[in-house]
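A.B. asks: As given, the protein sequences belong to chains A and B, one line each in that order.
For the first sequence, this note's numbering gives the first residue as 141, with consecutive numbering after it.
For the second sequence, this note's numbering gives the first residue as 41, with consecutive numbering after it.
Take the hints with a grain of salt, since some may be wrong.
Here are the simulated lysine to any residue pairs, SDA-like style, with alpha carbons at most 20 angstroms apart [stated by the list, open to error]:
#1 B:Lys271 - A:Thr219
#2 A:Lys268 - B:Arg279
#3 B:Lys271 - A:Ala241
#4 B:Lys297 - A:Gly210
#5 B:Lys297 - A:Thr219
#6 B:Lys270 - A:Gly210
#7 A:Lys215 - B:Trp196
#8 B:Lys270 - B:Thr285
#9 B:Lys297 - A:Gln246
#10 B:Lys271 - A:Arg202
#11 A:Lys269 - B:Val298
#12 B:Lys271 - A:Leu270
#13 A:Lys215 - B:Met257
#14 B:Lys270 - A:Thr232
#15 B:Lys270 - A:Arg267
#16 B:Lys270 - A:Leu270
#17 A:Lys268 - B:Leu267
#18 A:Lys269 - B:Thr272
#19 A:Lys269 - B:Lys270
#20 B:Lys297 - A:Arg245
#21 A:Lys268 - B:Trp196
#22 B:Lys297 - A:Ala218
#23 A:Lys269 - B:Arg279
#24 A:Lys215 - B:Leu267
#25 B:Lys270 - A:Thr273
#26 B:Lys297 - A:Ala241
#27 B:Lys271 - A:Ala244
#28 A:Lys269 - B:Lys271
Calculated directly from the structure, the hints in this document are not laboratory data.
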Amino acid sequence: MSEPLLEISNLDVGYGQAQVLHSVDLRMGQEAVSVIGRNGMGKTTLCNAIMGLLPVMSGSIRFRGIELVGLAPYKVAATGIGYVPQGRRLFTSLTVDEHLAMLARQARGKRWTPTEVYELFPRLAERKKLSATSLSGGEQQMLAIGRALLLNADLMLMDEPSEGLAPTIVEQLVATSRRLVTEGIAVLLVEQNLSVATAIAERQVVMVSGQIETEISSQELLEDADAQRRYLGVESLEDTEA
Amino acid sequence: MTAVMSGAANALLGRRGRNVPWHRSLARLVIIAAIAFVIVWVVVLASGTSAGSAVSAPSEFLKSILNALTISGIYFIVASGFTLVFGLMRTVQMAHGSLFLLAGYFALEYQLDFLGVTGTPDRGIVGWGDWWLPLVIGVVIVSGLGLFIQQVFLRWNQGQDLRQALITIAISIVLGDQMIQHFGGVAEPITLTHEIHGYVNFAGIRYGIHQLFVIGMALGVGGGLWLLLKKTRTGMVIRAGVDDTPMVQALGINVQKVFAVAFVLGSALAGLGGVIAGSSVTTLAPGVDGQWLLHSLVVVIIGGMGSLGGAAAGSLLYGLATALAPVYLPTDYAYYSIIATFVILALVLAVRPYGLFGRPA
Ligand SMILES: Nc1ncnc2c1ncn2[C@@H]1O[C@H](COP(=O)(O)OP(=O)(O)OP(=O)(O)O)[C@@H](O)[C@H]1O
Ligand SMILES: [Mg+2]
Numbered sequence: 141m142s143e144p145l146l147e148i149s150n151l152d153v154g155y156g157q158a159q160v161l162h163s164v165d166l167r168m169g170q171e172a173v174s175v176i177g178r179n180g181m182g183k184t185t186l187c188n189a190i191m192g193l194l195p196v197m198s199g200s201i202r203f204r205g206i207e208l209v210g211l212a213p214y215k216v217a218a219t220g221i222g223y224v225p226q227g228r229r230l231f232t233s234l235t236v237d238e239h240l241a242m243l244a245r246q247a248r249g250k251r252w253t254p255t256e257v258y259e260l261f262p263r264l265a266e267r268k269k270l271s272a273t274s275l276s277g278g279e280q281q282m283l284a285i286g287r288a289l290l291l292n293a294d295l296m297l298m299d300e301p302s303e304g305l306a307p308t309i310v311e312q313l314v315a316t317s318r319r320l321v322t323e324g325i326a327v328l329l330v331e332q333n334l335s336v337a338t339a340i341a342e343r344q345v346v347m348v349s350g351q352i353e354t355e356i357s358s359q360e361l362l363e364d365a366d367a368q369r370r371y372l373g374v375e376s377l378e379d380t381e382a
Numbered sequence: 041m042t043a044v045m046s047g048a049a050n051a052l053l054g055r056r057g058r059n060v061p062w063h064r065s066l067a068r069l070v071i072i073a074a075i076a077f078v079i080v081w082v083v084v085l086a087s088g089t090s091a092g093s094a095v096s097a098p099s100e101f102l103k104s105i106l107n108a109l110t111i112s113g114i115y116f117i118v119a120s121g122f123t124l125v126f127g128l129m130r131t132v133q134m135a136h137g138s139l140f141l142l143a144g145y146f147a148l149e150y151q152l153d154f155l156g157v158t159g160t161p162d163r164g165i166v167g168w169g170d171w172w173l174p175l176v177i178g179v180v181i182v183s184g185l186g187l188f189i190q191q192v193f194l195r196w197n198q199g200q201d202l203r204q205a206l207i208t209i210a211i212s213i214v215l216g217d218q219m220i221q222h223f224g225g226v227a228e229p230i231t232l233t234h235e236i237h238g239y240v241n242f243a244g245i246r247y248g249i250h251q252l253f254v255i256g257m258a259l260g261v262g263g264g265l266w267l268l269l270k271k272t273r274t275g276m277v278i279r280a281g282v283d284d285t286p287m288v289q290a291l292g293i294n295v296q297k298v299f300a301v302a303f304v305l306g307s308a309l310a311g312l313g314g315v316i317a318g319s320s321v322t323t324l325a326p327g328v329d330g331q332w333l334l335h336s337l338v339v340v341i342i343g344g345m346g347s348l349g350g351a352a353a354g355s356l357l358y359g360l361a362t363a364l365a366p367v368y369l370p371t372d373y374a375y376y377s378i379i380a381t382f383v384i385l386a387l388v389l390a391v392r393p394y395g396l397f398g399r400p401a
């Protein structure tokens with residue numbers, strides 16, 4: 141593993157009194173890591189805790205050596221984390237172009253500007269003036285990613301980006317994510333889609349009931365139908381055929 | 041039974057095929073009939089009223105319309121600030137009327153001070169600077185006060201409507217009492233400068249220049265706000281923040297800063313409205329704060345929360361009702377003109393529960 145970019149240690153997070161994450165530890169460098177787990181296991185909770193959107197009970201989250209716990213979300217983002225939340229969370233009152241224009245100022249002169257985003261996703265360029273709500277699911281996801289790219293972050297935090305997308309769009313998503321990694325952007329991916337998770341990241345961190353249960357490689361996970369069933373609840377091909 | 045009525049109502053309105061509940065359609069029908077009746081009444085039938093029908097007394101009619109537009113313009117200035125704070129940012133700001141009145145009082149105080157008089161001055165001695173400088177001072181003071189209220193009391197209570205309401209009502213009571221203490225209970229006007237007060241005759245009708253000035257101010261405020269919300273980054277962030285504040289923050293934007301700007305702007309508009317209204321359509325007196333909070337609420341309810349177009353439409357409708365009802369109701373009933381407002385509210389809400397331009401939160 142390369143030098144740690146993000147280092148989460150002993151993280152406890154909850155909603156009010158109800159603790160959801162239990163002493164989560166995660167270290168990653170400039171690489172792609174995927175967090176997998178069934179519904180309700182605490183994956184989104186982890187993302188929100190990293191972004192400062194949820195109060196942390198105890199533990200630490202260090203990013204490039206900066207302690208994120210206790211920082212306001214906008215300061216967390218400004219340290220260099222681009223967040224693509226679950227369900228996209230686009231702004232209903234804004235057009236496609238406004239989503240990007242809103243963030244254009246700090247992107248000026250950097251790698252990712254609105255122009256670059258439109259080049260990456262030409263479909264968005266054709267729909268500039270439309271309300272974000274009138275986009276298809278795939279286009280919405282492109283916009284959510286494009287918006288996060290404008291932060292020109294060192295780490296992209298993506299929460300189930302493949303959720304509800306058609307297979308061809310998912311392929312494009314995988315290609316885009318891999319391209320980001322080759323460009324030097326780290327990707328922390330939350331996924332329930334086995335093929336997406338394994339195509340983007342080599343390291344698969346398994347989350348069960350708010351704890352990191354284990355970590356396995358993509359290769360191992362792909363070959364282990366039992367692990368797939370346990371960690372993701374997917375039926376392997378043999379099972380369905382039987 | 042309902043199906044039949046629904047079918048009948050829909051057929052009458054030519055809305056076949058659209059799935060509109062029959063009572064909505066019926067309300068639409070009532071509204072169309074009401075509008076038609078009001079127009080016919082004002083144009084030809086209104087002979088027993090103080091203004092007389094529009095065909096028999098066209099200059100009375102135009103004068104009333106000009107009055108309506110003037111009052112609409114002031115409603116709009118005050119209510120656009122309210123819709124920014126309450127409608128867009130969802131901050132319950134029940135002290136909006138207090139800021140309105142307080143700005144008026146400060147402007148009055150400074151105007152008298154500049155002129156070195158104690159009673160209402162003669163308009164002839166009120167120059168440009170004796171009016172707009174007090175205006176600027178009043179607006180700046182209440183903007184600062186608005187910022188203080190937001191930073192100290194409201195930003196900790198985002199999304200807590202009841203707390204915000206109670207806090208701001210408390211503030212308005214405190215401010216109300218303090219204003220009585222400092223400015224007294226006697227109704228006083230701000231005197232508009234003679235530079236913009238006056239009349240021009242055109243095509244046999246007398247226009248108040250100051251009225252045109254107020255209408256122009258309202259248009260300017262509307263245009264400025266529209267540009268701000270639609271074309272600037274601040275405006276985009278305000279709109280996005282209203283949709284999903286945490287998400288805007290997670291994109292590296294300090295929403296609190298932008299919301300503070302919007303709150304200051306909303307307070308400034310309350311103050312601007314207060315000085316302009318105090319110089320034209322109202323005097324400054326205890327209780328005026330509550331009246332203008334109510335005016336803002338009515339406009340925003342008619343027009344729809346958080347919509348600038350809605351605030352404009354609401355102001356126009358409300359202004360027309362308040363200015364035309366007293367002169368176009370039969371003389372014996374002019375006393376009941378206040379009811380026109382409630383009729384409009386009821387009719388609008390019957391067809392559009394979120395107001396003319398509103399949408400569900
Ligand atoms: N706002 C909330 N208040 C209270 N409990 C919550 C809240 N949000 C989530 N939880 C609980 O926290 C646990 C983890 O939820 P989380 O959303 O992190 O799961 P997830 O792994 O992202 O699931 P999914 O795959 O369905 O997105 C769940 O048991 C959930 O009920
Ligand atoms: Mg989730």
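A.B. asks: Can you confirm whether the C-alpha distance between Lys268 (chain A) and Arg279 (chain B) stays at or below 20 angstroms?
C.D. replies: holds, 17 angstroms
A.B. asks: Mind checking the alpha carbons of Lys269 (chain A) and Arg279 (chain B) for me, to see if they're no more than 20 angstroms apart?
C.D. replies: holds, 16 angstroms
A.B. asks: Would the pair Lys271 (chain B) and Thr219 (chain A) pass a check requiring their Cα atoms to be no farther apart than 20 angstroms?
C.D. replies: With a Cα-Cα distance of about 28 angstroms, the restraint between Lys271 (chain B) and Thr219 (chain A) is violated, given a limit of 20 angstroms.
A.B. asks: If you draw a straight line from the CA of Lys271 (chain B) to the CA of Leu270 (chain A), is it 20 angstroms or shorter?
C.D. replies: holds, 15 angstroms
A.B. asks: Sort out whether Ala244 (chain A) lies within 20 angstroms of Lys271 (chain B), counting only the CA atoms.
C.D. replies: Holds - the C-alpha atoms of Ala244 (chain A) and Lys271 (chain B) are around 13 angstroms apart, at most 20 angstroms.
A.B. asks: Tell me if the straight-line CA distance from Lys268 (chain A) to Leu267 (chain B) falls inside 20 angstroms.
C.D. replies: holds, 19 angstroms
A.B. asks: Hinted pair, alpha-carbon criterion (20 angstroms max): Lys268 (chain A), Trp196 (chain B). Please report holds or violated.
C.D. replies: This hinted pair is violated, its Cα atoms lying about 36 angstroms apart.
A.B. asks: Take the C-alpha atoms of Lys270 (chain B) and Gly210 (chain A), compute the straight-line distance between them, and say whether it is at most 20 angstroms.
C.D. replies: violated, 34 angstroms
A.B. asks: Lys297 (chain B) and Ala218 (chain A) were given as a pair; does the straight-line alpha-carbon distance stay at or below 20 angstroms?
C.D. replies: At roughly 15 angstroms apart (the allowed maximum being 20 angstroms), Ala218 (chain A) and Lys297 (chain B) satisfy the hint.
A.B. asks: Would the hint linking Lys271 (chain B) and Arg202 (chain A) be met if the CA-CA limit is 20 angstroms?
C.D. replies: Answer violated: Lys271 (chain B) to Arg202 (chain A) is near 38 angstroms, above 20 angstroms.
A.B. asks: For the pair supplied as a hint, Lys270 (chain B) and Arg267 (chain A), confirm whether the alpha-carbon distance does not exceed 20 angstroms.
C.D. replies: Given pair Lys270 (chain B), Arg267 (chain A) holds - Cα atoms ~18 angstroms apart, limit 20 angstroms.
A.B. asks: Is the straight-line distance between the alpha-carbon of Lys269 (chain A) and that of Val298 (chain B) 20 angstroms or less?
C.D. replies: With a Cα-Cα distance of about 24 angstroms, the restraint between Lys269 (chain A) and Val298 (chain B) is violated, given a limit of 20 angstroms.
When each numbered hint is compared with the structure, violations occur for hints 1, 6, 10, 11, 13, 21 and 24.
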